[in-house]
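Engineer: So you can see what is in the structure, the chains are spelled out below.
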Amino acid sequence: MGIYYKEWLESKWRLIAGILVFCGLSLMNVILYPWLKTMMTPEMQALLEALMKNFPISIPEGAFSVLDWNTYLFSSWISKTLYQSMTVFILIIATPLLASEESRGTLEFLLAKPVSTLQIISAKYLVNILEMILVVLASTFILYPASLIAKESFNLTIFIKGVIQAFPGYILLFSLAFLISALFKDSIKALAFSAVAFFILSIPSFIPDFRHLSIYRFMQGINILKGEGIIFSEMLIILAISAVLFATSYYIFSKKEV
Amino acid sequence: MNTSVIELKSIFKSYGSFLALQNLNLKVDEGSIFGFLGPNGAGKTTTIKIILGLRKATEGEVFLWGEKNTRRGMKLLKRIGYVPENGSLYENFTPNQIVKFVKPYYPSWDVELEKGYFERFELPKNKKIGEFSLGMKRKLLLLLALSFKPDLLIMDEPTLGLDPLTRYKFLQLLTGEVAQGGLTVFLSSHTLGEVERICDTVAFIKKGKLLEVKLMEDLKKESQRIKVVFQKDVPQSALQIPGVEVLEGSGKHYLLAIKGNISHALEEISKFPIFVIEEQEISLEDIFVKKMEES
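Sequences listed follow chains U and C, in order. Position 188, counted from 1, in the first sequence is what the numbering used here calls 188; the numbers after and before it change by one each time, with no gaps. Position 139, counted from 1, in the second sequence is what the numbering used here calls 1139; the numbers after and before it change by one each time, with no gaps.
Hint data in this document are derived by calculation from the structure and do not stem from the laboratory. Be aware that one or more of the hints could be misleading.
[Claimed, not checked] Lysine to aspartate or glutamate pairs mimicking DMTMM-like chemistry, simulated, CA-CA at most 20 Å apart:
(1) C:Lys1227 / C:Glu1285
(2) U:Lys256 / C:Glu1059
(3) C:Lys1056 / U:Glu228
[To be verified] Here are the simulated distance ranges between beta carbons:
(4) C:Arg1071 / U:Leu183: 14 to 22 Å
(5) C:Glu1131 / U:Val244: 36 to 44 Å
(6) U:Trp8 / C:Glu1131: 20 to 28 Å
(7) C:Tyr1015 / U:Val21: 38 to 46 Å
(8) C:Glu1131 / U:Leu148: 56 to 64 Å
(9) U:Met1 / C:Arg1071: 17 to 25 Å
(10) U:Ala240 / C:Trp1109: 47 to 55 Å
(11) U:Leu183 / C:Gly1130: 21 to 29 Å
Keep in mind that this is a model prediction, so the values were computed, not measured. We put the beta carbon where it would ideally sit given N, CA and C, even for glycine.
Work out the full structure, taking the sequences as your base and the hints as a guide.
Structural biologist: Structure, rendered in C-alpha cells:
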C-alpha cells in the first residue's frame, strides 16, 4: 500500500486547495442570489430566454428560472460553474500524474522499486479520482447547510442525481488527460494537448444535430433539472470508454524505458 | 564453485542506428565487489538499467541468480538495492515519508538498520528532501538501498557528491557488509581510487564493447612499474626490450612499465650499470588510461 500513501502525499494539498476553491465558487451562488433576484425583471427573463435559443450551451435551460431556489442553484452550479471548473481542475490534476515522474527524474527511482506497473498506475488513477469526487461532493453538498442558513429549502434529490450523472463525464475527461500524460515526458506538453483534446470534445455542443453526443452537455444534467431521471445507459458507455482509456494508459506506461 | 548473481548473455542495445551495447557477456559472482569502468557514454548506465529490467535489451538475456529477468521482475527487485546516478527523489517528501512509502515493498526491511543509517549518515528525518544537498540525497538513497539487507547492491556512481569523510565511511561500511557475507556489489564509478580500494573484480567497457574482465589482483600483476636511475646516460633506443615500455624519462632517469616476465626484463635492464632501482605501485587509474588508449 506504500504507493497509495505516496500518491496521497502528493495529492493532499491539491485536495485541500480544491475543496476550498470549489466550496468558495459554490457558495458564491448563494451569496449572489439576492442580488440576481432583484435584477431578474420580466424583461431580463425574456432576454435570457432569447439568448438561450442562440447559445444553448453556455446558458442552460434552467438559468432563467432564477426565482426558484433549487432551479437556480442547480443550473448555476451543476449545469455551469461546476462542470466548467472541473474541466480546468482535471487538467491541473491529471496531466502531470505520469508525465511529471519523467520530467522530475523520479520515474527511475519508482520503477526500480518492486511495485508493479499496474499498482503504480492504479494508485495514481484511483487516488486522484477520489480527490476529484471529494472536491465535487464537498462543494456541492455545502449548498445544503448554506441553503438552510439562507432559509431556503434544498432539494437534495436533484443534486444527488446531478452529481451521479456528472461523475462519469468527469472520469472520462480525467482518463483522457491521464492517457495523454502517459504519452509525454513533459507536464506542460501533456497539459496543452489535453486542453486541445477537451476542446475537441466540446465541438458537438455547437452543432445542434450532434449536441446529444456532447460530454459537457451530459455533465450539465439538464434532463434532471427537467424532472427526468439519470441516463444510466449513457453513463455506462462513458464509463466503458474511460476503462479503455485507462487500459491504454497502462499499456503505454508499461512500455516506458528510463 | 561460485554462483553467478548476474549473468549477461550476448546483450545488444541499440537506439535507432546507434549501437549502445555490443555483444556484452558478463558474469558477477556472489560475494564479489564488481567495478564496472569506462569513459562517459561507454554504456555503463545502459548496462545497469538492462540488469534491473528498466530497459529492454535489443538482443540477449539477463539472468539474476539464474532466473531470467526480462522486465522489472518483482521477485528479483525485492532483492536488489539500487542507487541511481541521477538520484532524483520526491522533493516535497521528508526522509521519513519516503521510508514509509518504500518500506512495505521489502519484507526484509530492518528498522534497526534504518535507524542506524539515519544516525551514521546524520540525516534529518523530517526535513523536506528539496532542501537537501546533493550529498544528503545520495546518503538517503544509500539508506533506502541498504536498509532491507539486499542480496545485490547496484550503484551508479555511488559516492557522487559525498564529502571525503562520508565517502571513506561508506566504503568501509560496504566492505564490512560484503565481508559479513551474502551481499554482492556491482558498481560503476569514475572515482578509480575507490574502485581500486574495494573492488575485487573489474570490467572495462568502451563504446558499448566489453574490453576485459579481470580480478584486481591479476590486473595489478599484469603490469608493473619501475623507476630506474642508471649510473651513466642510456639512450631510449637501448631500452627497447620486449615487455618493457618507457613511460617517461631520458638520460639516467627512467620510468618503465614492465609487462609479463619481470625477471627477464630486469636481467636485460641490468646490462646497464644501475645506480638505483625501485618498484612503484601501478594504480588502477594508470591501467584504466592505458586500456582506454590501447583499445
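Engineer: Next step is simple, just say for each hint if it's right about the structure.
Structural biologist: Going through the hints against the structure:
A distance of roughly 18 Å separates the Cα atoms of Lys1227 of chain C and Glu1285 of chain C; the hinted pair therefore holds under the 20 Å criterion. Note on Lys256 of chain U and Glu1059 of chain C: the hinted pairing holds, with a Cα-Cα distance of about 18 Å set against a maximum of 20 Å. With a CA separation close to 54 Å, the supplied pair Lys1056 of chain C and Glu228 of chain U exceeds the 20 Å bound. For the pair Arg1071 of chain C and Leu183 of chain U, the supplied restraint of 14 to 22 Å holds, since their beta-carbon distance comes to about 20 Å.
The given range of 36 to 44 Å is respected by Glu1131 of chain C and Val244 of chain U, whose C-beta atoms sit roughly 42 Å from each other. For Trp8 of chain U and Glu1131 of chain C, the hinted distance range of 20 to 28 Å is satisfied, since their beta carbons lie about 22 Å from each other. Between Tyr1015 of chain C and Val21 of chain U the C-beta distance comes to about 44 Å, which sits within the given range of 38 to 46 Å. Separation of Glu1131 of chain C from Leu148 of chain U is about 46 Å and departs from the stated range, judged on CB atoms against 56 to 64 Å.
Range check, Met1 of chain U to Arg1071 of chain C: Cβ separation about 23 Å, and the 17 to 25 Å hint holds. Restraint check, Ala240 of chain U to Trp1109 of chain C: a C-beta distance of roughly 41 Å breaks the suggested window 47 to 55 Å. Judged by the Cβ atoms, the range 21 to 29 Å given for Leu183 of chain U and Gly1130 of chain C holds: they are separated by roughly 27 Å.
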